[in-house]
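Chains as they are written, first to last, in numbering that gives the first Met the number 0: chain A, 0 to 322; chain B, 0 to 322.
FYI, nobody ran anything at the bench for these hints, they're computed from the structure.
Heads up, some of the hints might be wrong.
Ranges of calculated distance between the beta carbons of each label pair, as one might list FRET restraints [said to hold, decoys possible]: (1) A/Asp65 - B/Arg140: 47 to 55 Å; (2) B/Glu147 - A/Tyr277: 52 to 60 Å; (3) B/Gly116 - A/His112: 49 to 57 Å; (4) A/Phe63 - B/Asp321: 27 to 35 Å; (5) A/His112 - B/Gly185: 26 to 34 Å; (6) A/Trp319 - B/Tyr277: 19 to 27 Å; (7) B/Asp187 - A/Ser229: 21 to 29 Å.
No residue lacks a Cβ here, since even glycine has one placed at the ideal position from N, Cα and C.
Chain by chain, the residues run as shown.
Number of protein chains: 2
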Amino acid sequence: MISNSSLREMGNLLRSAESIVIFPHESPDGDALGSCAALCRALRNEGKDAWVLLDEEIRGYLEFMDTEYCTTDIDCVSMPDICICVDCSEENRFSGRAEKFREGKTKLCIDHHVTAGSFGDFYYIDGGEAATAQIIYKLLREMDIEIEKTIAESLYVGISTDTGSFRHSNTTAETHMIASQLFGCGIDHQKLVINLYNSVSYKQTRMESAILEKMELIADGKAAVSYVTSAMLEAESAELGDCEAVIDRLRDIKGVEIAAFLKEKNGAVKVSMRAKSYGRVDSIAVKYGGGGHVKAAGCTLDMPMDEALALIKSELEDYWNDI
Amino acid sequence: MISNSSLREMGNLLRSAESIVIFPHESPDGDALGSCAALCRALRNEGKDAWVLLDEEIRGYLEFMDTEYCTTDIDCVSMPDICICVDCSEENRFSGRAEKFREGKTKLCIDHHVTAGSFGDFYYIDGGEAATAQIIYKLLREMDIEIEKTIAESLYVGISTDTGSFRHSNTTAETHMIASQLFGCGIDHQKLVINLYNSVSYKQTRMESAILEKMELIADGKAAVSYVTSAMLEAESAELGDCEAVIDRLRDIKGVEIAAFLKEKNGAVKVSMRAKSYGRVDSIAVKYGGGGHVKAAGCTLDMPMDEALALIKSELEDYWNDI
């Protein structure tokens with residue numbers, strides 16, 4: 000167990016540094032990028048030489064964010080005073096940049112995932128926070144840094160995406176309190192919402208239609224299963240990434256407790272599973288060499304799609320016979 | 000223009016009454032039912048003889064709410080001290096119960112729609128509130144009535160549904176502040192979210208798939224059009240009500256500014272249109288004898304589906320040539 004520092008300690012360390020490089024996890028999502036962008040902007044406003052270091056382009060739906068402080072240039076700062084990983088606390092979540100991270104004279108880590116490694120000097124980990132953006136919000140308050148519009152918008156992106164627009168079970172009274180205060184900082188709420196939620200690609204929508212057309216209810220309607228084949232993707236010139244949201248649509252069906260979505264990839268079948276309330280999907284995933292959480296898990300089956308479908312359907316039927 | 004009363008006046012009138020009948024609008028949505036249920040429960044907790052009077056069954060997705068104080072019995076209270084319409088302020092929004100409303104010794108009205116009629120004695124109308132439930136929240140605070148769990152859950156249903164889970168442009172800093180305080184009252188947030196958002200019917204999902212399969216982008220991707228025929232509904236034993244959410248999916252496509260959804264009904268075609276940000280759809284609706292708002296409007300075309308589709312597509316192409 001890592002001994003947590005306080006936000007005051009974190010703030011004092013950042014205040015005393017001249018140059019800071021910020022590390023989000025690979026494939027940064029809204030919370031990783033939003034938290035890093037907000038922190039970077041705030042540190043620059045305080046006169047620091049601060050950068051967010053990435054090893055890839057920013058994903059489509061987050062391109063609208065103000066990211067002029069993001070760089071893929073590993074030499075953006077030589078021998079930084081502080082390297083800080085944000086929304087990730089294991090080196091294998093930013094392995095391509097881990098060597099640069101170790102260059103930092105002081106190494107910090109801020110996260111709301113509780114799977115922290117032991118490579119840093121100071122940690123602030125709080126698994127009770129809905130989003131890392133909530134921690135950054137509190138850190139900036141603690142440092143007495145003004146949360147101006149751009150910072151507030153980045154924090155809002157983090158909180159809104161990691162809570163599924165205030166629907167996920169991680170949402171708390173404090174989440175709404177912080178959101179209220181971000182509105183008070185003058186965020187352009189509609190700009191953010193349109194970019195985050197009303198900008199689904201045409202291909203995604205086409206694929207969703209095709210995949211939902213294949214769905215099947217089993218176990219008396221308590222499970223929904225569907226799949227996508229390489230041929231279905233080719234028909235729409237789409238990629239597996241265009242199908243990511245479908246599993247939520249399966250789970251959102253009334254009466255469905257477990258959703259399973261099967262994706263053909265390189266001759267094997269990747270299985271993603273989600274549970275709604277009382278169901279759990281980790282045991283089926285583990286049985287086939289996969290893993291995950293109680294409510295979200297997956298595995299890879301080395302067999303053709305029709306066999307994989309039959310296997311998962313049978314496992315789901317058995318699941319309700321066993322509980 | 001109606002002269003608004005204060006919440007204090009409203010509270011004093013309700014306090015001084017013994018019997019109160021509460022009137023939501025027809026086909027009550029989450030805000031109408033949530034606001035009425037919260038007010039009714041609060042008044043009963045204060046020892047009043049209070050009822051929510053409906054003239055129909057509660058819609059499927061709101062059935063989970065605690066509605067033991069809802070009745071369709073027009074004689075639930077004879078000669079009530081107060082009749083109060085909530086989330087509606089025109090008699091034609093509850094015409095089947097209007098006569099009963101007039102029986103009230105004092106007639107009140109609380110709403111966030113600004114289209115108030117002039118049939119009541121006292122009004123509290125505030126179009127700046129995201130939901131009527133926000134007004135009820137403030138009223139109960141003003142009356143110093145404890146907002147216990149059941150009341151808070153009803154208010155949360157109103158706020159969450161009328162703001163589209165905190166995404167619509169009516170959402171404000173105060174909306175989040177109130178949501179935060181409702182969490183503090185002990186709401187079962189996940190129960191509410193699962194019932195409101197994760198309980199889409201299988202038929203709805205099937206219809207969505209079928210309708211999205213028919214969608215077409217026009218005007219260089221700035222408009223999306225799709226349709227449902229009676230034959231498509233029959234194939235899934237579905238009704239038009241199972242297709243209501245599809246128009247949002249069309250509008251949510253990246254680059255789409257206007258979505259049009261055409262529904263075959265009794266040999267004619269009902270057209271619903273939505274705009275995302277800068278677009279407006281009222282002028283096309285008005286041109287064909289319909290109406291609505293800038294961002295949401297509709298009309299009925301007395302022609303076969305193929306002609307209606309061609310007409311709407313042509314109107315949408317023209318729209319961008321004209322602006």
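Do the beta carbons of A/Asp65 and B/Arg140 sit within 47 to 55 Å of each other? violated, 38 Å
19 to 27 Å was suggested as the range; check whether the CB atoms of A/Trp319 and B/Tyr277 agree with it. Distance hint for A/Trp319, B/Tyr277 is violated at roughly 50 Å.
Range hint 21 to 29 Å: satisfied by the CB atoms of B/Asp187 and A/Ser229? violated, 43 Å
I want to verify a distance hint. Is the separation of the beta carbons of B/Gly116 and A/His112 within 49 to 57 Å? holds, 55 Å
Take the C-beta atom of A/Phe63 and the C-beta atom of B/Asp321, compute their distance, and say whether it sits inside 27 to 35 Å. holds, 28 Å
Pairwise beta carbon distance, B/Glu147 to A/Tyr277, judged against the given window 52 to 60 Å: Taking Cβ atoms as reference, B/Glu147 and A/Tyr277 lie about 26 Å apart, which means the hint is violated.
Quick check on a hinted range of 26 to 34 Å for A/His112 and B/Gly185, using CB atoms only. holds, 28 Å
Hints 1, 2, 6 and 7, counting from the list given before, are not met by this structure.
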